[in-house]
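K.L.:
Below are the chains, spelled out letter by letter.
2 protein chains.
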Amino acid sequence: MKILKDKSISDVQGFKTAGIAAGFKKSGKKDLALIYSEKKAVSAGTFTTNKVKAAPVILNMEYIKNENTQAIIVNSGQANACTGEAGFEDAKVISKITADELGLNEKEVLQASTGVIGVSIPMDIMKNGIKNVCALKSNEGGKNTVEAIMTTDTKTKEITVEILLGGKKVLISGIAKGSGMIKPNMATMLSFVVTDANISKAMLNKVVKASVKDSYNMISVDGDTSTNDMMICIANGAAQNELIDSENEEFIIFKEALDFVNKELAKKMARDGEGATKLIEVEVVNAKDLESAKMCAMSVVSSNLVKAALFGSDPNWGRIVCAVGYSGADFDPNKVDVQFKSLVGEIKVFENGMNIYFNEEKASKILEQEKIVIYVNLNEGEYAAKAWGCDLTYKYVKINGEYRT
Amino acid sequence: MKILKDKSISDVQGFKTAGIAAGFKKSGKKDLALIYSEKKAVSAGTFTTNKVKAAPVILNMEYIKNENTQAIIVNSGQANACTGEAGFEDAKVISKITADELGLNEKEVLQASTGVIGVSIPMDIMKNGIKNVCALKSNEGGKNTVEAIMTTDTKTKEITVEILLGGKKVLISGIAKGSGMIKPNMATMLSFVVTDANISKAMLNKVVKASVKDSYNMISVDGDTSTNDMMICIANGAAQNELIDSENEEFIIFKEALDFVNKELAKKMARDGEGATKLIEVEVVNAKDLESAKMCAMSVVSSNLVKAALFGSDPNWGRIVCAVGYSGADFDPNKVDVQFKSLVGEIKVFENGMNIYFNEEKASKILEQEKIVIYVNLNEGEYAAKAWGCDLTYKYVKINGEYRT
Numbered sequence: 002m003k004i005l006k007d008k009s010i011s012d013v014q015g016f017k018t019a020g021i022a023a024g025f026k027k028s029g030k031k032d033l034a035l036i037y038s039e040k041k042a043v044s045a046g047t048f049t050t051n052k053v054k055a056a057p058v059i060l061n062m063e064y065i066k067n068e069n070t071q072a073i074i075v076n077s078g079q080a081n082a083c084t085g086e087a088g089f090e091d092a093k094v095i096s097k098i099t100a101d102e103l104g105l106n107e108k109e110v111l112q113a114s115t116g117v118i119g120v121s122i123p124m125d126i127m128k129n130g131i132k133n134v135c136a137l138k139s140n141e142g143g144k145n146t147v148e149a150i151m152t153t154d155t156k157t158k159e160i161t162v163e164i165l166l167g168g169k170k171v172l173i174s175g176i177a178k179g180s181g182m183i184k185p186n187m188a189t190m191l192s193f194v195v196t197d198a199n200i201s202k203a204m205l206n207k208v209v210k211a212s213v214k215d216s217y218n219m220i221s222v223d224g225d226t227s228t229n230d231m232m233i234c235i236a237n238g239a240a241q242n243e244l245i246d247s248e249n250e251e252f253i254i255f256k257e258a259l260d261f262v263n264k265e266l267a268k269k270m271a272r273d274g275e276g277a278t279k280l281i282e283v284e285v286v287n288a289k290d291l292e293s294a295k296m297c298a299m300s301v302v303s304s305n306l307v308k309a310a311l312f313g314s315d316p317n318w319g320r321i322v323c324a325v326g327y328s329g330a331d332f333d334p335n336k337v338d339v340q341f342k343s344l345v346g347e348i349k350v351f352e353n354g355m356n357i358y359f360n361e362e363k364a365s366k367i368l369e370q371e372k373i374v375i376y377v378n379l380n381e382g383e384y385a386a387k388a389w390g391c392d393l394t395y396k397y398v399k400i401n402g403e404y405r406t
Numbered sequence: 002m003k004i005l006k007d008k009s010i011s012d013v014q015g016f017k018t019a020g021i022a023a024g025f026k027k028s029g030k031k032d033l034a035l036i037y038s039e040k041k042a043v044s045a046g047t048f049t050t051n052k053v054k055a056a057p058v059i060l061n062m063e064y065i066k067n068e069n070t071q072a073i074i075v076n077s078g079q080a081n082a083c084t085g086e087a088g089f090e091d092a093k094v095i096s097k098i099t100a101d102e103l104g105l106n107e108k109e110v111l112q113a114s115t116g117v118i119g120v121s122i123p124m125d126i127m128k129n130g131i132k133n134v135c136a137l138k139s140n141e142g143g144k145n146t147v148e149a150i151m152t153t154d155t156k157t158k159e160i161t162v163e164i165l166l167g168g169k170k171v172l173i174s175g176i177a178k179g180s181g182m183i184k185p186n187m188a189t190m191l192s193f194v195v196t197d198a199n200i201s202k203a204m205l206n207k208v209v210k211a212s213v214k215d216s217y218n219m220i221s222v223d224g225d226t227s228t229n230d231m232m233i234c235i236a237n238g239a240a241q242n243e244l245i246d247s248e249n250e251e252f253i254i255f256k257e258a259l260d261f262v263n264k265e266l267a268k269k270m271a272r273d274g275e276g277a278t279k280l281i282e283v284e285v286v287n288a289k290d291l292e293s294a295k296m297c298a299m300s301v302v303s304s305n306l307v308k309a310a311l312f313g314s315d316p317n318w319g320r321i322v323c324a325v326g327y328s329g330a331d332f333d334p335n336k337v338d339v340q341f342k343s344l345v346g347e348i349k350v351f352e353n354g355m356n357i358y359f360n361e362e363k364a365s366k367i368l369e370q371e372k373i374v375i376y377v378n379l380n381e382g383e384y385a386a387k388a389w390g391c392d393l394t395y396k397y398v399k400i401n402g403e404y405r406t
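Top line first, the protein sequences correspond to chains V and Y. Counting the first sequence from 1 gives a position; the numbering used here is that position plus 1. Counting the second sequence from 1 gives a position; the numbering used here is that position plus 1.
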């Protein structure tokens, strides 16, 4: 697998994209994105488990069952969540006019909205915007597209990889947005991955569902699962590899690459968590079972006390062990070891469930880095899991606590 | 039931208490407390569900089975958590020497420690301290006792009520500490309630377990369940009411009063949450079942985004509805109403699962108060629940993010 640093989603064979400033954001920044496949394509996705689902989520859950999916239209600025029956009707119109513009059936168009909850989509802006964004779709549109889906994000989030499937070059390329209201439980924020791989809808569905569990579902910024989360993958087969319709060797290669793409996008979201200064990775090893490893990793990465301690580069292992303890994981408290790791070194701070002597200054230096690993060894079994998050900072409170009218 | 504002735990018949500065805290503040019953007494308690349990918690879970409990010894400064076998041996010695000093059996002495995790109890200080604190026990010791159990608390937390049981005056008086690492799941932080009621151990156990569920288990400051949480109630029968040994009328009167005491102490902890400027009460009504009402209330009061919004007096109902949505509660999103209430008024901001027009300025004024109620009507059934918490502020990050060596 090769990472292609200069490529974007619009470089994937058979895909054209665009991103424009349609007028949803008062700031005048880009706010409407289109991802379009020229060829017929299969799609798979996962959506928020929040019982309060935004209109686009509800509509997508129906339309994604369609055998063919050729477009995703995304606006940022208004979330079209808690907008009632009228909001749902708006969502249907959005798919319909996008479909008309592209010569598709409305069920072949998926959509997403992100932004303020409870605000209806300004449909005049949407109608004009859809015309303009469809007209501008191109193979150079990737950068604009990823910018147009951002809200409080400070950085764009994208990645493109190349793999070989039966001798054919295949690209997988994803873009994502997300910074706050992030503790996906199923899909996440917005993440769109396109590929020219030739894969059946059933197999794509299988690989997407599995991949989401270890990537987007293992990050937390603030523990809040949004009403609008979604991850959608579209595969148009333009690479002309032999159709993947079973869990064969190509399926495994494809899965590994998709996992990589999804984890990279997930980590980028965690690192760009609202107000964050650091990416925190919690690696739990030697757990009795996978569920325990995952619960333990998510519990530590979600703890406000751990997050605040890491903001201050405080080697406060007590808070980590406490979060391991209330995680619900099955483990023996007397066997737990904890280490801190970063680019400048590593240090053990807790062993066999007990405090040990360690050089606090060295530990603090390790924690001053921008990427920190909290390594928790449960010394019980053979299962491992990773989760990602960020520190809790003054800026998080500022971003979310300053009342903006 | 009468609230006795000037009374404290040492005013309950047959109880003597003391609080001293023994030297556990570098600040020189009070840090060792004794609660002592002159008469034989029954006890009941609940303890942290964290799998990592501090030594005093493990020891108490054994000793509290004893038919007689006459003392609780509490130090603040070191938590005696994650201190291994040596820490457990220390805990046994602490009960033993306290028992010797008071002429009791070691199983008749419970204990608690609170403070930094992973630090062993300085046993020289403890041995001297126990001698001194036992010598000082008196009926005027209440104020010193409640001060001696504080750590990051900014205010003492105590309450005393009087009830009549079969014509006899009965006092119930409680003290508590807790400010951070607070999302009790079973018992909570430290809370000690004493009463001169005459009640059997079995009935005391029953009433304590029930009462904790609706009080301490319904508050959250930061979602972190501590390793040292405990709530203990001691009843010595000095009021000479007829023994309560069934769920009779007196049991119900006693339960109501104990519920009040526990809820007041729980709310005091929530209001004194680290860095908090406001007490937040989430009241969920008309839920399908009790579990849904409770999950919904706890989800909203625990949301970082809701807490940060309330710090800024931002009537951001979207975050509240989002937290209701991911709570796991069983409800219909299209029936939800949300109101804000405080001393200066109330305002509906969300109706039938939809955004409605409301006066944002008025809503913000309501949220500027020190005590805020978020009223969520699920319009589904007949169950209700309340949860308490606080806002998320710069100061929370400062308290927990500044590295103190």
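These are calculated hints, taken from the structure and not from any lab test. Be aware that one or more of the hints could be misleading.
To be verified - Taking lysine to aspartate or glutamate pairs in the EDC-like style, the calculated list, with each CA pair at most 16 Å apart, reads:
hint : chain 1 : residue 1 : chain 2 : residue 2
1    : Y       : Lys52     : V       : Glu362
2    : Y       : Lys144    : Y       : Asp333
3    : V       : Lys52     : Y       : Asp7
4    : V       : Lys342    : V       : Glu362
Unchecked claim - Chain V is faced by these chain Y residues, among others (derived, beta-carbon under 8 Å):
hint : residue
5    : Val53
6    : Gly116
7    : Asn140
8    : Val325
9    : Glu352
10   : Gly354
11   : Met355
Please read all numbers here as calculations on a predicted model, not as lab measurements. Even for Gly, the Cβ is constructed at its ideal location relative to N, Cα and C.
K.L.:
Confirm or reject each hint.
P.N.:
Evaluation of the provided hints:
1. Using a Cα cut-off of 16 Å, the hinted pair Lys52(Y) and Glu362(V) is violated, with the two alpha carbons roughly 30 Å apart.
2. Of the supplied pair hints, the one linking Lys144(Y) and Asp333(Y) is violated, its CA atoms being roughly 49 Å apart against a limit of 16 Å.
3. In summary, the hint linking Lys52(V) to Asp7(Y) is not supported, as the alpha carbons are separated by about 48 Å, beyond the 16 Å threshold.
4. The suggested pairing of Lys342(V) with Glu362(V) holds, with an alpha-carbon distance near 14 Å, which does not exceed 16 Å.
5. Because the closest C-beta pair between Val53(Y) and chain V is about 3 Å apart, less than 8 Å, the hint holds.
6. Interface restraint check: Gly116(Y) against chain V, minimum CB-CB distance 10 Å, threshold 8 Å, status violated.
7. For Asn140(Y), the interface hint is violated, the least distance from its beta-carbon to any beta-carbon of chain V being 37 Å, above 8 Å.
8. The interface hint given for Val325(Y) is met, as the beta carbon of that residue sits about 7 Å from the closest beta carbon of chain V, less than 8 Å.
9. Hint on Glu352(Y) is violated. Least Cβ distance to chain V is approximately 10 Å, over the 8 Å limit.
10. Look at Gly354(Y): its Cβ gets to within about 6 Å of chain V, closer than 8 Å, so that hint holds up.
11. Against a cut-off of 8 Å between C-beta atoms, the interface hint on Met355(Y) holds, since the closest Cβ of chain V lies about 4 Å away.
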